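Just so you know, the protein sequences line up as chains A and B, in that order.
Per the working numbering, the first sequence runs over residues 1 to 131.
Per the working numbering, the second sequence runs over residues 1001 to 1869.
Calculated from the structure, these hints are not laboratory results.
Be aware that one or more of the hints could be misleading.
Said to hold, decoys possible - Computed far set for chain B versus chain A, every beta-carbon distance over 12 Å:
#1 LEU1031
#2 ARG1067
#3 ALA1293
#4 ILE1407
#5 ILE1531
#6 ASP1605
#7 GLU1729
As the list claims (entries may be wrong) - Chain B stretches covered by chain A per the calculated footprint, using a threshold of three residues with CB under 8 Å from any CB of chain A:
#8 1005-1016
#9 1765-1771
What the hints assert, rightly or not - Estimated spans, in silico, between C-beta atoms of each pair:
#10 B:ARG1045 / A:VAL127: 57 to 67 Å
#11 B:PRO1093 / A:LYS108: 47 to 57 Å
#12 A:VAL127 / B:ARG1012: 37 to 47 Å
Owing to the predicted nature of the structure, the values given are computational and were not obtained by experimental measurement.
Even for Gly, the Cβ is constructed at its ideal location relative to N, Cα and C.
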Amino acid sequence: MTFAGAVAIVPSSIDGTIVLARQAAPSELLPGTLDLLILRVLREDRLHGYAIAQRLREISKDVLHVGESSLYPALQRLLLDGNVRAEWGASENNRRARFYTLTAAGRKQLAAEQEEFERMVGAIQAVLRFA
Amino acid sequence: MNALRPLMRLARRVAYWVRFGRHQDELREELAFHREQVAADAERRGLAAEAVGKTMGHETSMREEAREVWLAASLDALFKDCRHAWRALRRTPVFTAVAVLTLAVGIGANTAIFSVVHHLLLAPLPFPDGNRIVRLGTRSAADPDEPFDLPTAVLSRLEQRSRALEDFAAAAFVRATLDDTANHDVLPGARITPSLLHMLRVAPVAGRAFTRDDARAGAPPVAMISYGLWQSRFGGALGGGAVIRVNGVRRTIVGVTPRDLTLPMRVEEPPQVWLPFDLGAEDAAIGYARLRAGATTDAALRELRTAMAERPDPHWSKSTDGSVERAVDRVDPRFKHGIVIMFAAVSGLLLIACANIANLLFMRGWTRQRELAIRRALGGGRFRVARLLLIESSLLAILGGALGLGIAWKGLSIILAIMPGGNSMVGGPEVTGAGISRGVLAWTTVTTIVTSLLFGVGPAFLSTGEAAAEALRTGIRSLAGSVGARRLRSGIIIGQIALSFAFLVAAALLVKSFLVLAHFDVGFNARGLAIATIKLANEPTVQDRASVEQAIAKAVQSAPGVTGVAFGGPMLMTDIRGGPFIVDGPHGTETLDLDMCEMPFVSRDYFRVTGIPLIRGRSFEGGDDVVINQKLAQRFWPNGNALGVRMRVGNGPKAKWMTIVGIAGDVTMPGVKQLFTMQMYRPTSAATQFVNLVSFRAGRSPEMLEGDIKRTLENAGAAATLVSIRGVESVLDTRVLARPRFALTLFGVFASIALLLTAVGLYAVVAYSVTQRTREIGVRVALGADSAAVARMVLGDGIRHVAIGVLLGLGIAFATTRLLTSFLYDGDASDPRAFAGATLVLAIVTLVASSIPLRRALGIAPVDALRAD
Chain A
1 MTFAGAVAIV
11 PSSIDGTIVL
21 ARQAAPSELL
31 PGTLDLLILR
41 VLREDRLHGY
51 AIAQRLREIS
61 KDVLHVGESS
71 LYPALQRLLL
81 DGNVRAEWGA
91 SENNRRARFY
101 TLTAAGRKQL
111 AAEQEEFERM
121 VGAIQAVLRF
131 A
Chain B
1001 MNALRPLMRL
1011 ARRVAYWVRF
1021 GRHQDELREE
1031 LAFHREQVAA
1041 DAERRGLAAE
1051 AVGKTMGHET
1061 SMREEAREVW
1071 LAASLDALFK
1081 DCRHAWRALR
1091 RTPVFTAVAV
1101 LTLAVGIGAN
1111 TAIFSVVHHL
1121 LLAPLPFPDG
1131 NRIVRLGTRS
1141 AADPDEPFDL
1151 PTAVLSRLEQ
1161 RSRALEDFAA
1171 AAFVRATLDD
1181 TANHDVLPGA
1191 RITPSLLHML
1201 RVAPVAGRAF
1211 TRDDARAGAP
1221 PVAMISYGLW
1231 QSRFGGALGG
1241 GAVIRVNGVR
1251 RTIVGVTPRD
1261 LTLPMRVEEP
1271 PQVWLPFDLG
1281 AEDAAIGYAR
1291 LRAGATTDAA
1301 LRELRTAMAE
1311 RPDPHWSKST
1321 DGSVERAVDR
1331 VDPRFKHGIV
1341 IMFAAVSGLL
1351 LIACANIANL
1361 LFMRGWTRQR
1371 ELAIRRALGG
1381 GRFRVARLLL
1391 IESSLLAILG
1401 GALGLGIAWK
1411 GLSIILAIMP
1421 GGNSMVGGPE
1431 VTGAGISRGV
1441 LAWTTVTTIV
1451 TSLLFGVGPA
1461 FLSTGEAAAE
1471 ALRTGIRSLA
1481 GSVGARRLRS
1491 GIIIGQIALS
1501 FAFLVAAALL
1511 VKSFLVLAHF
1521 DVGFNARGLA
1531 IATIKLANEP
1541 TVQDRASVEQ
1551 AIAKAVQSAP
1561 GVTGVAFGGP
1571 MLMTDIRGGP
1581 FIVDGPHGTE
1591 TLDLDMCEMP
1601 FVSRDYFRVT
1611 GIPLIRGRSF
1621 EGGDDVVINQ
1631 KLAQRFWPNG
1641 NALGVRMRVG
1651 NGPKAKWMTI
1661 VGIAGDVTMP
1671 GVKQLFTMQM
1681 YRPTSAATQF
1691 VNLVSFRAGR
1701 SPEMLEGDIK
1711 RTLENAGAAA
1721 TLVSIRGVES
1731 VLDTRVLARP
1741 RFALTLFGVF
1751 ASIALLLTAV
1761 GLYAVVAYSV
1771 TQRTREIGVR
1781 VALGADSAAV
1791 ARMVLGDGIR
1801 HVAIGVLLGL
1811 GIAFATTRLL
1821 TSFLYDGDAS
1831 DPRAFAGATL
1841 VLAIVTLVAS
1851 SIPLRRALGI
1861 APVDALRAD
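Let the sequences and hints guide you as you build the complete structure.
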């Protein structure tokens, strides 16, 4: 159940319609969760956009389907903040693809956000348990 | 590290928008790849296409959102800041109005005037490679600015062997009377060597240029005409063999010169008729040539001096020297001198405007320390606060700049409308083509706007975090009360007073000079005076001359309202020449060096009719009598014993001995150098030609008598016809006084603007600073101080500021007004009234600016004062 809340934060992006930051109701809870997840998968690897979505789906056991309409604005946001870096390279099937790498600032940001997120989830759980 | 983050973000944002297209392409490609992968994946997993499509969002809105990431935050904040800044400016309408108007006037007035100056000084010559063109002439110590003709012998000698110059040409101005027109029109003309058009690198627009054969003696007479004359007289058509009668000679028109062709550096009207002459002929003219590659004007001048030394001319005086000037200095040096002063004045005004803006913004920023401190305490970063101030200043700058552009536009058209044309006697080039110079506009705009931004944003950085925190903690409502702040405030006010003082003094001197000009005493009575130019069918013999003169004088006199008639015309610079001046003294003959002297031939009634007073002696009786003016008499006979002296001018065979019988008053013109005002009047009988100028005095507008005089002349049977009548008063007005009046009008407008800006700026700064003391005043009153004592203290501060400021300003004023001296028509740059007046104005402005907020401060209850800020 611990992550159910977190999953609930992003349902609107699962079907590929729009969007975390735009739709008021779900994002009100914990905005920026998608950014955090992207940073997290990029910590291990240098990935292109599609691979990021794939990786999120695989790790979440097919629960998190991140659509392009939320994925790419999130990536732009991360670029703007300097948390990731993008460069063009060859994909596994030898196509030109844009690969994202975590920057030093991104690594710090990930650590900070992860800590903050866990604190928040802990707090929510505490409230739920009490109830 | 953390402080850098917003900057890095800003840099990335900027980079994104700079390469917006590329980023869009990248995103598109990235997306295409993504979709391809999704499709491939779906196929692999055997999903239907619709299902796949469902996972894809709307591409456009997605791209829009991706774009907004880079935009939204900053733009939103920008709008917020703009709204905020606008509200802040609206809250202080007086400050805003003063700042915007100061900016507008600073930008507008300066741009308009700089544009004219720019056009006059810096616009390139209209001739290809024109900066290599030089003008060759002579000049003397009397007026080093104005070159005179060179003997053609010197020019042709120079042409044969010059290493510095090539493409020689020469020109001499003539008056061309067109005999075949109804009114015998007199047009400006020039005699030119056939090489002239080639030297200028211009080609005739129709027909051909002169050839060497045209200039040869005995060649069939030919002429070229200007484009304007071609259009007006010949309707732009010119069949073979069109003929024009010029100065009594029938000439075939061979070609038409380009539109508005004028000679480099000549200030006269563009010639309408061009006649050929050969450099080999005995003559005098202004020379033109082109500098060879790598040659300098100095080298050319050395060559000219050598050529002059080999063929000295009897008319030259000891101080006569060669003159080689580049044609790029197309502006008359006297006029240029005025322009330089105007340039300085404009720069001074710009400085005042900038100082005003700086002081205003600085004061405002200073008094807002508390607001800024609160903003920072509430988490507004220094950059954020600076940005807010920056936006406020930018808003001011944009408003002021837009208004200033309008002023520049309107101002330029007004200046061009009132500017005297290039046909003025004192001279100046045409400026009809002047538009707003973009470079000038950019310069004034950038100067004022940079000032406003610099001083607008400065206070954000002045307030260190600690000082701001201190201000909040100790409850000091405004830092304006601290000792350092008070010193700074005093410094600003004193600086403003000093600068204003110097400018006001200069302006006052110029305006005073303008007033003097309006009542300028030319030395004769111009009212009702007119000059008729007449033309005789045949030149009378010397014996007949007196009777012809008498007949003409009688005829003119018989016209209604004419009270006096004399030969000769009181227009300055009609016949100026210099030369050795030989005096028969008690110790034998003595040669004096006469640089410049006006030597008109006049009849004996001339002095009575024109109103030139005879100070001593009498007018002419015989043909060997001569009358000189006071200036000439004082120069050579300072002891006053000039009467009865025998003298002659020049060494030539025709020079004859004459006796000084009278001393006349000086005839002077505004703007003419003192040395130019020597006059020597000789009787008409001594002239080589019949004097065809008749001065007469009549009722109010002598020009109206043209028909009457024409008729009386015809009836007189002296075979004389009237060519033209010019009213001396109107000629004086339009030709001689127009240019200095124009310059001084500009200065007058300028001085008024300066006065206004100065007063407004000083008022704003002083009033602001006293307003800031409201609380202090309240405290003093609350503690029992007498209001009169408080008022004395505040006003005393004002007087002290004025005293120190004026003292500093005196230094600046003395330095700058010395430059003005040559431009003042009364030449007096130390008039104490100007200095006193400037002091008075500044003192009044300061006291008024102090007392209004002071009264308000004293009038409110101490409790309110303590709350006030």
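We went through each hint and held it up to the structure:
Look at LEU1031 (chain B): its CB is around 6 Å from the nearest CB on chain A, not clear of 12 Å, so calling it non-interface is violated. The Cβ of ARG1067 (chain B) sits about 8 Å from the closest Cβ of chain A, inside the 12 Å cut-off, so the non-interface label is violated. For ALA1293 (chain B), the shortest C-beta to C-beta distance to chain A comes to about 56 Å, beyond the 12 Å cut-off, and the non-interface label holds. At the 12 Å boundary, the C-beta of ILE1407 (chain B) stays outside the reach of chain A, the nearest C-beta of that chain being 43 Å off.
The claim that ILE1531 (chain B) lies off the interface holds: its Cβ sits roughly 83 Å from the closest Cβ of chain A, which is beyond the 12 Å cut-off. Distance check for ASP1605 (chain B) against chain A: the nearest CB is about 96 Å away, which clears 12 Å, and the non-interface claim stands. No beta-carbon of chain A comes within 12 Å of the beta-carbon of GLU1729 (chain B); the shortest separation is about 78 Å. Coverage of the stretch 1005-1016 of chain B by chain A holds. Counting CB-CB distances below 8 Å, 6 residues qualify, and the rule asks for three or more.
Counting residues of the stretch 1765-1771 of chain B whose beta carbon lies closer than 8 Å to any beta carbon of chain A gives 0, which falls below the threshold of three, so the coverage claim is violated. For ARG1045 (chain B) and VAL127 (chain A), the hinted distance range of 57 to 67 Å is not satisfied, since their beta carbons lie about 40 Å from each other. Between PRO1093 (chain B) and LYS108 (chain A) the beta carbon distance is about 49 Å. The supplied range of 47 to 57 Å therefore holds. Restraint check, VAL127 (chain A) to ARG1012 (chain B): a C-beta distance of roughly 39 Å satisfies the suggested window 37 to 47 Å.
Of the numbered hints listed earlier, those contradicted by the structure are 1, 2, 9 and 10.
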